[in-house]
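Protein chains: 4
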Amino acid sequence: MQRTVERMLRTHPEPAFAPADPLTACIYACVECAQACTACADACIAEHDAALGPCIRIALDCADLCQAASRVLSRQLAPDLGVVSMVLQLCATVCDACAYECRRHATTYAHCDVCAAACRRCTDACRGLLATTVTTYRSRGPYEAAEHAGV
Amino acid sequence: MQRTVERMLRTHPEPAFAPADPLTACIYACVECAQACTACADACIAEHDAALGPCIRIALDCADLCQAASRVLSRQLAPDLGVVSMVLQLCATVCDACAYECRRHATTYAHCDVCAAACRRCTDACRGLLATTVTTYRSRGPYEAAEHAGV
Amino acid sequence: MQRTVERMLRTHPEPAFAPADPLTACIYACVECAQACTACADACIAEHDAALGPCIRIALDCADLCQAASRVLSRQLAPDLGVVSMVLQLCATVCDACAYECRRHATTYAHCDVCAAACRRCTDACRGLLATTVTTYRSRGPYEAAEHAGV
Amino acid sequence: MQRTVERMLRTHPEPAFAPADPLTACIYACVECAQACTACADACIAEHDAALGPCIRIALDCADLCQAASRVLSRQLAPDLGVVSMVLQLCATVCDACAYECRRHATTYAHCDVCAAACRRCTDACRGLLATTVTTYRSRGPYEAAEHAGV
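Residue numbers (our numbering), protein chains in the order written: chain A, 138 to 288; chain B, 138 to 288; chain C, 138 to 288; chain D, 138 to 288.
Hint data in this document are derived by calculation from the structure and do not stem from the laboratory. Accuracy of the hints is not assured; some may be wrong.
Computed beta-carbon distance windows for the label pairs [as the list claims (entries may be wrong)]: (1) A:Arg-241 <-> D:Arg-147: 17 to 27 Å; (2) D:Pro-152 <-> B:Thr-244: 51 to 61 Å; (3) D:Thr-245 <-> A:Ala-188: 51 to 61 Å; (4) C:Pro-152 <-> A:Pro-152: 47 to 57 Å; (5) B:Asp-261 <-> D:Pro-156: 20 to 30 Å.
For every residue, glycine included, the Cβ atom is placed at its ideal position computed from N, Cα and C.
Please construct the entire structure, taking both the sequences and the accompanying hints into account.
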């Protein structure tokens, strides 16, 4: 799949908003993490263990937010870099929180161990891209959306 | 629909993480905005006007992020208030950016005018809830997730 | 929200693929049902009752499929009526299955009662639109996509 | 990512509803196709070519439906095999329609060529799993949900 992500970026009429390697890696990590969290939430529900409640909840949030992030990152036309940056920070934070919950159950439930690893990869990929994006952003000069964002 | 949102909150075994009125209003505004942005992006594509490119892009992002936000806000079990707060800030920001783009075309395209109004309502609802949530958060004492979030 | 849905349809440059009233009602019902199912799954998880496993699972499926349906129905540009028809049939089926599961727990858990009612409204709205869409489809002559669909 | 999908299936407390190999392949193909369609729609919008309207529209539908399918397929707890079967048929159909549109522009736009290939792989994976699932379904005896599905 990484090859498809990379080829879609390369054939897009607009240049990517960030270097292809960390962007490809981040889209891929978000998509992998969204799937792992969806599956882990389902597996945790099937364990019928009340202690897993917070783990299920954060995994469902993480799946939704990683999925939305993978879509925002897949678009190269007229990106709002302020929004992209917030998406990456949120994605890194929710993956971090989900990895933390999953790791607490990782010795009992192997699916939590697999999910925690996917979350950790996604946090790292988001932070890696965030550093790059901020650089790209600066090289483009003042962010025009900042004028109207009002937050 | 607001009545259904409110009844789901009231019948949940856990108390809502925020007062019912602004939470109901925010879930409703996110869901309405996600639909309006999906429809507006489609309408803009059908206009075949190259100037609408940035408007289509931010509307697609806004639809994805409002939809993810509506899901996170609909869950009351073990919320991670750090994540919820970031979701609300991101949602307010992307709605603001989408409203700004749509307003630029509102006199030419009536769908952009309708969409801008939905985005503006969503920004306001997110900021309204954000103020309340922060208060709730403080009344619960130090946020435990802060220990591990590392961001 | 129904007013926003209806205004987006009316201001779209393309005519809607179905009469405005049942289409508006169906988009609205899908969006309402997706939110109710997301909230009901979360409430059921919080009940810590193993008997709710199948209810949680179908509610999560129902939320995902109603949400996808609301997006497909919100688009009026070049609809593939074969796809639209399958989306409506699937949405009606999953809402029916979710309503069935929720009703089994409706006397014990009030959130299941609220959710079952939203599912039932969505099933009805999908079937109502399906009847109308099939008519529209026939009045347009043989469905061109049928040539290549191969299924 | 295929390894993560496969490990999540293997560590789930419930047996998968279908053999692991075609199920893993199908989840992976849905996720890949959803990303490719999201990126292709964005690239097509950036081409500013009115002839791409129908291609953008079906790509957006395909992204939403493949994504929903990937989630339904990732859950193993208490699957409703009637719903799963309809999801697979719908996903195969929309991928087929998107591949058809993308192929029409594949010589002009390389991103449409990449996207058409991802859609084709997804159609094949859905049909492959569908055959297997029907078999599994029969080996389990009469489908209990059929009693209440009413469609």
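So, going through the hints one by one against the coordinates:
1. A:Arg-241 <-> D:Arg-147: 17 to 27 Å: 21 Å, holds
2. D:Pro-152 <-> B:Thr-244: 51 to 61 Å: 60 Å, holds
3. D:Thr-245 <-> A:Ala-188: 51 to 61 Å: Given range 51 to 61 Å: holds, Cβ gap about 56 Å.
4. C:Pro-152 <-> A:Pro-152: 47 to 57 Å: 37 Å, violated
5. B:Asp-261 <-> D:Pro-156: 20 to 30 Å: Check failed, 51 Å falls outside 20 to 30 Å.
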